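J.: Chain by chain, the residues run as shown.
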Amino acid sequence: MNFTSLRRRLVIATTALLFVAGCDRDDPTGGTVSDSMTLDQASTRVEEIVREAQAALPPGIELTSRFEGSMPCDDPDDGGPKGRVFAERQYQVVYPAGWPVDQALPTVRQYWEQRGYKVIKDHQPGGDRLLSVENPADGFRIGIEIYARDSGRTDIFLVGSSPCVWEHGSPPA
Amino acid sequence: MAGLTFEAVLTADPAAFRTAATAWGDLAKAIDDQADALIPNVKRIPDVWQGDAATRASAHLESLRKELDLAYVPALAISQALSRHADEVEALRAQAQSLVARGRGSGVTINPDGSMELEPSARNEWGARALSSFVHERDELLKAAARLDDETTRAITENTATGSGVPAARVDRASVPPAGSDPKTVKAWWDSLSPEQRRFVIAEYPDLIGNLDGVPVSARDIANRIVLDRDHDALVARRAELEAREAYIRRMLDEGRAAELYPNADNPVGTAISELDKLKEEREAVNGKLRGIDAINNRLNDDTKPRAFLVGFNSADDGRAIVSVGNPDHADNVVTYVPGTGSDLSTVRGDIERADRMAYDAAKKAPGEETAAIMWLGYDAPDDLLAATRGRYAEDGADDLRRFQDGLRATHEGGPSHNVVLGHSYGTTVIGHSASGNTALNADDLILVASPGVGVAGAEGLKITGGDSTQHVWATTAKNDVIQSAGLDDNLVHGENPAGRGFGGQVFKSDDGTPLWDWRDPFNKPNPSAHSEYWDPNNVARDNIASIVTGNYGDVIR
Amino acid sequence: MSLEVNPSEIRSIGGKIISIADDLKTDTSSVQGNLAPPTRSGTTGWSTTTAADRAAQGWQDYLKGLVGRLGQAGQSMIDAANNYQAADARSAERSRRTVTR
Numbered sequence: 002m003n004f005t006s007l008r009r010r011l012v013i014a015t016t017a018l019l020f021v022a023g024c025d026r027d028d029p030t031g032g033t034v035s036d037s038m039t040l041d042q043a044s045t046r047v048e049e050i051v052r053e054a055q056a057a058l059p060p061g062i063e064l065t066s067r068f069e070g071s072m073p074c075d076d077p078d079d080g081g082p083k084g085r086v087f088a089e090r091q092y093q094v095v096y097p098a099g100w101p102v103d104q105a106l107p108t109v110r111q112y113w114e115q116r117g118y119k120v121i122k123d124h125q126p127g128g129d130r131l132l133s134v135e136n137p138a139d140g141f142r143i144g145i146e147i148y149a150r151d152s153g154r155t156d157i158f159l160v161g162s163s164p165c166v167w168e169h170g171s172p173p174a
Numbered sequence: 012m013a014g015l016t017f018e019a020v021l022t023a024d025p026a027a028f029r030t031a032a033t034a035w036g037d038l039a040k041a042i043d044d045q046a047d048a049l050i051p052n053v054k055r056i057p058d059v060w061q062g063d064a065a066t067r068a069s070a071h072l073e074s075l076r077k078e079l080d081l082a083y084v085p086a087l088a089i090s091q092a093l094s095r096h097a098d099e100v101e102a103l104r105a106q107a108q109s110l111v112a113r114g115r116g117s118g119v120t121i122n123p124d125g126s127m128e129l130e131p132s133a134r135n136e137w138g139a140r141a142l143s144s145f146v147h148e149r150d151e152l153l154k155a156a157a158r159l160d161d162e163t164t165r166a167i168t169e170n171t172a173t174g175s176g177v178p179a180a181r182v183d184r185a186s187v188p189p190a191g192s193d194p195k196t197v198k199a200w201w202d203s204l205s206p207e208q209r210r211f212v213i214a215e216y217p218d219l220i221g222n223l224d225g226v227p228v229s230a231r232d233i234a235n236r237i238v239l240d241r242d243h244d245a246l247v248a249r250r251a252e253l254e255a256r257e258a259y260i261r262r263m264l265d266e267g268r269a270a271e272l273y274p275n276a277d278n279p280v281g282t283a284i285s286e287l288d289k290l291k292e293e294r295e296a297v298n299g300k301l302r303g304i305d306a307i308n309n310r311l312n313d314d315t316k317p318r319a320f321l322v323g324f325n326s327a328d329d330g331r332a333i334v335s336v337g338n339p340d341h342a343d344n345v346v347t348y349v350p351g352t353g354s355d356l357s358t359v360r361g362d363i364e365r366a367d368r369m370a371y372d373a374a375k376k377a378p379g380e381e382t383a384a385i386m387w388l389g390y391d392a393p394d395d396l397l398a399a400t401r402g403r404y405a406e407d408g409a410d411d412l413r414r415f416q417d418g419l420r421a422t423h424e425g426g427p428s429h430n431v432v433l434g435h436s437y438g439t440t441v442i443g444h445s446a447s448g449n450t451a452l453n454a455d456d457l458i459l460v461a462s463p464g465v466g467v468a469g470a471e472g473l474k475i476t477g478g479d480s481t482q483h484v485w486a487t488t489a490k491n492d493v494i495q496s497a498g499l500d501d502n503l504v505h506g507e508n509p510a511g512r513g514f515g516g517q518v519f520k521s522d523d524g525t526p527l528w529d530w531r532d533p534f535n536k537p538n539p540s541a542h543s544e545y546w547d548p549n550n551v552a553r554d555n556i557a558s559i560v561t562g563n564y565g566d567v568i569r
Numbered sequence: 031m032s033l034e035v036n037p038s039e040i041r042s043i044g045g046k047i048i049s050i051a052d053d054l055k056t057d058t059s060s061v062q063g064n065l066a067p068p069t070r071s072g073t074t075g076w077s078t079t080t081a082a083d084r085a086a087q088g089w090q091d092y093l094k095g096l097v098g099r100l101g102q103a104g105q106s107m108i109d110a111a112n113n114y115q116a117a118d119a120r121s122a123e124r125s126r127r128t129v130t131r
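Those protein sequence lines, which keep their order, are chains A, B and C. Just so we're aligned, residue 2 is where the first sequence starts under our numbering, counting upward by one. Just so we're aligned, residue 12 is where the second sequence starts under our numbering, counting upward by one. Just so we're aligned, residue 31 is where the third sequence starts under our numbering, counting upward by one.
These aren't lab readings, by the way, just hints derived from the structure by calculation. Model, not experiment: these values are computed from the prediction. Misleading hints may appear alongside valid ones.
Claimed, not checked - Below, a list of computed lysine to aspartate or glutamate pairs in the DMTMM-like style, where the Cα atoms sit at most 25 Å apart:
no.	chain 1	residue 1	chain 2	residue 2
1	B	K490	B	D529
2	C	K55	B	E169
3	B	K316	A	E168
4	B	K316	A	D156
5	C	K94	B	D37
6	C	K46	B	D240
7	B	K316	B	E380
8	B	K520	A	D129
Only chain A is shown next, with the shape it has when bound in the complex (with noise of 0.2 Å):
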């Protein structure tokens, strides 16, 4: 059997399977098509988890909102239903002069491992910092992240987001 045959095989039967999923966009029946929590839903325990952060990290600081939006995690095809979509928060922390920038990671890192939440990320990317859990109960994730900036200001964010979800809590008819 030739290269190019034995090739073009291959290539058909990858794509068959990217195909019958929709390549890249994906089709939802891919994977479960179960119901869940509807995105309003997912939003609000997003914002949650964010806040139980906040309130675990030392007093005094406050949150600014830096991005909020809803990605879609399968992505609609031509004229078919919606896919699912995560939802995604990101705040920026805002802290007084004196308040203990170094103590901010070690803080929540114990605090969610406390939890029992699963680390998926840990980086230290020059001198910033990325750190991210996942709660296995649910799937919520929940991040740190400590940029040290060359002006000697540092700045933090949590970052927050959902599972896949059913922007309507269920696939559509």
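Given chain A's structure and the hints, the job is docking chains B and C onto it.
T.: Positioned in the frame of chain A, the structure of chains B and C alone reads:
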């Protein structure tokens, strides 16, 4: 009158300028809406009124409609200028505040009016040097603020109406450079036009201007919004026509009158069903395009996010759209995102979300810099990877992508921006073709996400103006992404796997992604989601993309 | 050859044009107050603020005139329709009187 003071910068209120920008945008939209509302009324006149008086009345109303069309352009231009002013003012204020804070930390008191004193404890050589550096920084800040203020003032004044409106000057259609012209030539032509002439060509030839590389982004945005609006109305009307025809055919079928519908057909019922199929197909296509247009409109009108610019638009065939989050002509970093197979106007919402995230992530990584993220559906994407192996999609798209990058360079203001071209899936193949021609692709870095191959055997086969492609071609493929199996070993259907060891580029980390098989139920369908999860919340690919886009190469997690 | 003249349709179009003018007037007044950033701390000192204020003035004047001309165009159509109907009525009246004499 005294110039702009440090105090004015320190206490500036960007929200006030932003509110004004929104108001001018609303005004522009109202003008455009009423211009469009006139159209069917003017069209109807000859049906109900004929003769000299009727002709005069029609002509008069038509000229009023054109006047409204023309007024849209300067009103939106003022909105753009104020929106930019708000963003820049916010950045300048942050810089001023940072200066004051750092001054304090170094023993230099910076007063609200900008005057500076050394604290007694800092009255030494070191303190004096710090003082001098802060003075210099303050002066540079004030210069930048004055420059911004001048630019915005000029843009507003140029577009200010008098009692007789905002004048335009005629330009012949034939003198507009044709599509495909060298963007440098186009830019030179644009620069030679007066503000009156520019307004005219945007209002009269929006379909030409909107997609012409070398025309500044803000002008393309205004032109494309005009076309977007028109195409929206035309598609809605077409859909109504299709639905009416479908309903009519169904009624005739129900009443057993198919033969009346197709008097010459052998099989009228069959013909009816066949026409219904065709109508359904077209209606679904129209609905898909309207979905895309709605997604674009929603993003353009979303005031809670950075201003978006419609840099390209065409609803013909599968549809093309280029939506930029932020204005690349003013940005420090620009990332052009080329989506993959199956992308067309109907799926544009998800791709705009990805561009939004990349812009946001870059701003988080480098808050002092402006990053624009462009969703570039500027090519006709194949419907799936199998179709991709048969067609010339990548080759055809490559030329458009090259010219688009040249266009970005031609219209960018100030020193050159850091330009990155990023592709997902088949989008990487288009990039590969655009970077393996005779001349280098005008880009500083390439990012290849989930690539099925880019048409070359190694990084050195890709040519970019930014330098050594082994250092500036970045690739990632998630561990569970089935795209890497679309071939044999690392030799994929479109060439070597850029994230493979043999390719010679820079490989960065992504999350593993959803596994192909759920071990708990081996009889489940395989799940290829990993191919599309790179922009999901938390995916480390996003952090890495932000690092590359902002030039923080050392922070890339491998 | 008679030319098509349908007074009630002409009047209806004229009415629609007047309502388009009214809509433009309403939309314009609802944003008018926000076109220039209010002059106060936060916006003073920037020549942009003054320029926006002048632009708001200039555009207000311009749009007032444009709305007026648009409304006038609609009214002219209504007037023309009314004239046609009146002329028809007069000529019908004349024919009637002629016939009955």
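J.: Check each numbered hint from earlier against the structure, then list the numbers of those it violates in ascending order.
T.: Structure breaks no hint.
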